[in-house]
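Engineer: Please construct the entire structure, taking both the sequences and the accompanying hints into account.
These protein sequences, in sequence, are chains A and B. Position 19, counted from 1, in the first sequence is what my numbering calls 19; the numbers after and before it change by one each time, with no gaps. Position 438, counted from 1, in the second sequence is what my numbering calls 551; the numbers after and before it change by one each time, with no gaps.
Do not take every clue at face value.
Unchecked claim - The following residues of chain A were derived to be distant from chain B, with all beta-carbon distances above 12 Å:
| # | residue |
| --- | --- |
| 1 | V11 |
| 2 | I56 |
| 3 | A62 |
| 4 | L91 |
| 5 | R99 |
| 6 | E101 |
| 7 | G109 |
Stated by the list, open to error - Rough simulated footprint, nothing fancy, chain B against chain A, three-plus residues with beta-carbon under 8 Å:
| # | region |
| --- | --- |
| 8 | 20-32 |
| 9 | 70-77 |
If you are wondering where the hints come from, they were derived from the structure by calculation, not from laboratory data. Since this is a predicted model, take the numbers as computed values, not measurements. From the three backbone atoms N, C-alpha and C, an ideal C-beta is built for every residue, glycine too.
Next come the chains, spelled out residue by residue.
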Amino acid sequence: MELMVAIFVGVLTGTGIYLMLRARTFDLVLGLTLLSYAVNLLIFVMGRLTVGRPPILDGSQAPVLANYADPLPQALVLTAIVISFAMTALLLVIALVARAETDSDHVDGEEPR
Amino acid sequence: MNWPHWIVVPVVLPLLAGAACLLFERRAANVARALSIGTTFVLLGVALHLASAAASGSVHAYLLGNWKAPFGIALALDRLSALMLVLTAVVAIASVLYARGGGARGAHDAQGLHYHALFQFQLMGLNGAFLTADLFNLFVFFEVLLIASYGLLLHGGGAARLKAAIHYVGFNLAGSALFLVAVALLYGITGTLNMADLAQRVAALGPEQAALVRAAALLLIVVFGVKAALLPLYFWLPDTYRAASAPVAALFAIMTKVGVYCVARVTTLIFGDDAGVAVDVADPWLPWLAIGTLALAALGTLAAVRLRTLVSYLVIASAGTLLLAIGLGSAATLSAALFYLVNSTLVAAALFLLVDSIASGRGEADDAMIPAPLAYRAAYGVLFFVFALEAAGLPPMGGFIGKALLLRATTDLPLMAATWAALLLSGLGMMIAVARAGSTVFWKAADANRAQTAAARPARIERLAIGWLTVAMLLVVLNAGPMTRYAESTAAQLLDRRAYVDAVLGAQPVPPAWTPREGMKKP
Numbered sequence: 001m002e003l004m005v006a007i008f009v010g011v012l013t014g015t016g017i018y019l020m021l022r023a024r025t026f027d028l029v030l031g032l033t034l035l036s037y038a039v040n041l042l043i044f045v046m047g048r049l050t051v052g053r054p055p056i057l058d059g060s061q062a063p064v065l066a067n068y069a070d071p072l073p074q075a076l077v078l079t080a081i082v083i084s085f086a087m088t089a090l091l092l093v094i095a096l097v098a099r100a101e102t103d104s105d106h107v108d109g110e111e112p113r
Numbered sequence: 114m115n116w117p118h119w120i121v122v123p124v125v126l127p128l129l130a131g132a133a134c135l136l137f138e139r140r141a142a143n144v145a146r147a148l149s150i151g152t153t154f155v156l157l158g159v160a161l162h163l164a165s166a167a168a169s170g171s172v173h174a175y176l177l178g179n180w181k182a183p184f185g186i187a188l189a190l191d192r193l194s195a196l197m198l199v200l201t202a203v204v205a206i207a208s209v210l211y212a213r214g215g216g217a218r219g220a221h222d223a224q225g226l227h228y229h230a231l232f233q234f235q236l237m238g239l240n241g242a243f244l245t246a247d248l249f250n251l252f253v254f255f256e257v258l259l260i261a262s263y264g265l266l267l268h269g270g271g272a273a274r275l276k277a278a279i280h281y282v283g284f285n286l287a288g289s290a291l292f293l294v295a296v297a298l299l300y301g302i303t304g305t306l307n308m309a310d311l312a313q314r315v316a317a318l319g320p321e322q323a324a325l326v327r328a329a330a331l332l333l334i335v336v337f338g339v340k341a342a343l344l345p346l347y348f349w350l351p352d353t354y355r356a357a358s359a360p361v362a363a364l365f366a367i368m369t370k371v372g373v374y375c376v377a378r379v380t381t382l383i384f385g386d387d388a389g390v391a392v393d394v395a396d397p398w399l400p401w402l403a404i405g406t407l408a409l410a411a412l413g414t415l416a417a418v419r420l421r422t423l424v425s426y427l428v429i430a431s432a433g434t435l436l437l438a439i440g441l442g443s444a445a446t447l448s449a450a451l452f453y454l455v456n457s458t459l460v461a462a463a464l465f466l467l468v469d470s471i472a473s474g475r476g477e478a479d480d481a482m483i484p485a486p487l488a489y490r491a492a493y494g495v496l497f498f499v500f501a502l503e504a505a506g507l508p509p510m511g512g513f514i515g516k517a518l519l520l521r522a523t524t525d526l527p528l529m530a531a532t533w534a535a536l537l538l539s540g541l542g543m544m545i546a547v548a549r550a551g552s553t554v555f556w557k558a559a560d561a562n563r564a565q566t567a568a569a570r571p572a573r574i575e576r577l578a579i580g581w582l583t584v585a586m587l588l589v590v591l592n593a594g595p596m597t598r599y600a601e602s603t604a605a606q607l608l609d610r611r612a613y614v615d616a617v618l619g620a621q622p623v624p625p626a627w628t629p630r631e632g633m634k635k636p
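Structural biologist: In structure tokens:
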């Protein structure tokens, strides 16, 4: 499972960076979104992958990480998702206004010569 | 500090003030404005109070939500944090006052909505970043100050600002992603995000973790380098700072220093001299990249054809000098850096305001380096001369003292030759650049005619803002002795990570005055 998630993180990061480098505002937004997915997955994995274990100490098992899922990365991911969501919305608005104002969707506001 | 909650006031106060500004700004813009200005002055008072508390040399920790560190988020106040808080408040006062000015084009803060709310949120992010002792919390405060800065940068609109904003926002979002990667890696390796706890656990890591933790550390430095404008990562800065309105650019002068502050914090606390496998992880990179930054920034000042671009490159040069001093990493270079930091921030903010004031009286010529009729040539010229001396690091101003301290501190270091060459040559380049700019704009220009002079008269509040920063700079020079001693003790405190770790991890939660469970049992 670790390998699969690692490959996902790599592919998402690679596509994200490729899209960001295309220098079009919409591609930039998509690229940053994919990059943030990759980052969220990575944070999540950093709490170690566990299946079917509760994140809350219920007293039924010894309080060690082998018996429980680490709840902290889940909280971190939640924060990161909210922030990247808000930032993406903001960037979309800026991109739309820039498209209207400069009549170009290039990140420099004009077509490269 | 009799009242333990003083530490959190610099974060909470701007948050409340910003929210209140949102309430008032449509119905009573004057109330919002007065609230914002008043809050900024109160923040200076709070910062000075905290600085006097930190001056004793002890590290004060504050447990948010009364959770014991490292389980909850802790704030920590030491001399460096207090210094940064005071500096932020001083620059913010000049910025918020200047925002009332703006000449014929109308006040800077009236060219769109939400100026003062965004301004206060930016202050909240800055103060929080200086105070926090938690890496993820630092990320959150970074985002707070960034999202406010996006709004402030775009304030007033215009194609140039939009273009700069796309670069700035996109670049910083990518930087935030890297920040999260670094944080996640550090959490995955050490299982903690509290900086004091990280300092202990990184030092105790085995060699099998060395590659990963060093990669995470360098990623962090990269992220802070984006903020601080380190060599391959500064290309967003000149366009952004040039496009922003003057009071915003002045406030942004402190924003680059957030990156410098974070580099100083993590390279001394977490990845310092006794960090086990991650010992001095930035040392092979930081000085050389900083020297490169200095060299290119000096070339940038020479190549600038607009005054705002010139000042932007001066900001980059100051960041390069600071990162060089921090990268060298001895107590003496650190204290020189801290002394230089105060001056370079003040002068960058003052120059942005002054250049805007000059440009608004020059009509079409704006801030281009061409001779154009200029009102109040003598007054502007003298001010520009003083600020230029400060920025280029010439006596008798504080920039010179900072650089001289740094030069003296490097005499017995292996990188001495490169450091001296970089500092002196870049200083020469900047001196030529500002001298050329000054002679073109002030000497070759004619006096403006009477009508232009009357129209170009800067508002009283603009003069007040520039005067405030000038007085602050002069105070630093006149108190160079006490300031140097403060910088030296700050550097000593930074390198003594034991005190920081003990203060943060040793902070005890306050016993509850009333527990709801107990209280509910009794009728």
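Engineer: May I ask which of the numbered hints given earlier this structure violates, with the numbers listed in increasing order?
Structural biologist: 4, 5, 6 and 7
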